[in-house]
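**Student:** Below, each chain spelled out in residue letters.
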Amino acid sequence: DSGVTQTPKHLITATGQRVTLRCSPRSGDLSVYWYQQSLDQGLQFLIQYYNGEERAKGNILERFSAQQFPDLHSELNLSSLELGDSALYFCASSPGGAPYQPQHFGDGTRLSIL
Amino acid sequence: SQQGEEDPQALSIQEGENATMNCSYKTSINNLQWYRQNSGRGLVHLILIRSNEREKHSGRLRVTLDTSKKSSSLLITASRAADTASYFCATDVDSSYKLIFGSGTRLLVRP
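Residue numbers (the numbering used here), protein chains in the order written: chain A, 1 to 114; chain B, 1 to 111.
Among the clues, some could well be false.
Said to hold, decoys possible - Just a few of them, taken from the derived set where beta-carbon distance is under 10 Å, the chain A residues facing chain B:
{"hint": "1", "residue": "Gly-28"}
{"hint": "2", "residue": "Ser-31"}
{"hint": "3", "residue": "Gln-48"}
{"hint": "4", "residue": "Cys-91"}
{"hint": "5", "residue": "Pro-95"}
To be verified - As a list, the in silico DSS-like pairs of lysine-lysine whose alpha-carbon atoms are at most 27 Å apart:
{"hint": "6", "chain 1": "B", "residue 1": "Lys-26", "chain 2": "B", "residue 2": "Lys-69"}
{"hint": "7", "chain 1": "B", "residue 1": "Lys-26", "chain 2": "A", "residue 2": "Lys-57"}
{"hint": "8", "chain 1": "A", "residue 1": "Lys-57", "chain 2": "B", "residue 2": "Lys-70"}
{"hint": "9", "chain 1": "B", "residue 1": "Lys-56", "chain 2": "B", "residue 2": "Lys-26"}
{"hint": "10", "chain 1": "A", "residue 1": "Lys-9", "chain 2": "A", "residue 2": "Lys-57"}
{"hint": "11", "chain 1": "B", "residue 1": "Lys-56", "chain 2": "B", "residue 2": "Lys-70"}
Hints in this document: simulated from the structure, not taken from any laboratory. For every residue, glycine included, the Cβ atom is placed at its ideal position computed from N, Cα and C.
Put together the whole structure using the sequences plus the hints.
**Tutor:** Given below as structure tokens:
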């Protein structure tokens, strides 16, 4: 058990809809990362937050947004969903957010767009 | 595009054999990490090697890094069926906070 909790585990929705994925980091970790894993794109870094502030941005679409709350949990919002957004979405956390620190991953949210 | 490319894409070996997988990357790095992913689960950190290190060991794992060739290898000795998973290298570059993952090697260890 990594200590990182992601909810929901599975999400099925339709094109054009909006969903929110939630992540609770390991106790004491200040940094949260979001990744998208799909068969054709592999594991893609989306965005990183450190103690409530955005720290790094990757290949995150404008339709996607994220935030980290004062209690350090994070949410990833996906809107105007398209078929291509179907993927596994992972959240990871680390103590201080430096890239050399090991990241601890949750078991992901599997998003299926019908 | 991927910073790291793993080779081979898939590897099937018998239990007890050694498994070697390689990672090549494109730009200079600060550190390189290896992660394991069991089917349908999150990634698990295995080992980190810094750019000024050439070799590192952790249990049955041995990682090497050749910065002149921009490549790393992960050796798993005396493999077990429980080692069946996908293995990814990940690099952080320059002053970026990003961790860039490779495409992964799928390892199957047959009992």
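**Student:** A separate judgement is required for each hint: does it hold in the structure or not?
**Tutor:** Now for the hints, and whether the structure bears them out:
1. Gly-28: For Gly-28(A), the interface hint is violated, since the closest Cβ of chain B sits about 16 Å away, which is over 10 Å.
2. Ser-31: For Ser-31(A), the interface hint holds, since the closest Cβ of chain B sits about 9 Å away, which is under 10 Å.
3. Gln-48: 6 Å, holds
4. Cys-91: Hint holds; Cys-91(A) Cβ to chain B Cβ min 9 Å, cut 10 Å.
5. Pro-95: 13 Å, violated
6. Lys-26(B) to Lys-69(B): 10 Å, holds
7. Lys-26(B) to Lys-57(A): It holds: about 20 Å lies between the C-alpha atoms, which stays within 27 Å.
8. Lys-57(A) to Lys-70(B): 25 Å, holds
9. Lys-56(B) to Lys-26(B): Holds, at roughly 21 Å.
10. Lys-9(A) to Lys-57(A): 24 Å, holds
11. Lys-56(B) to Lys-70(B): 16 Å, holds
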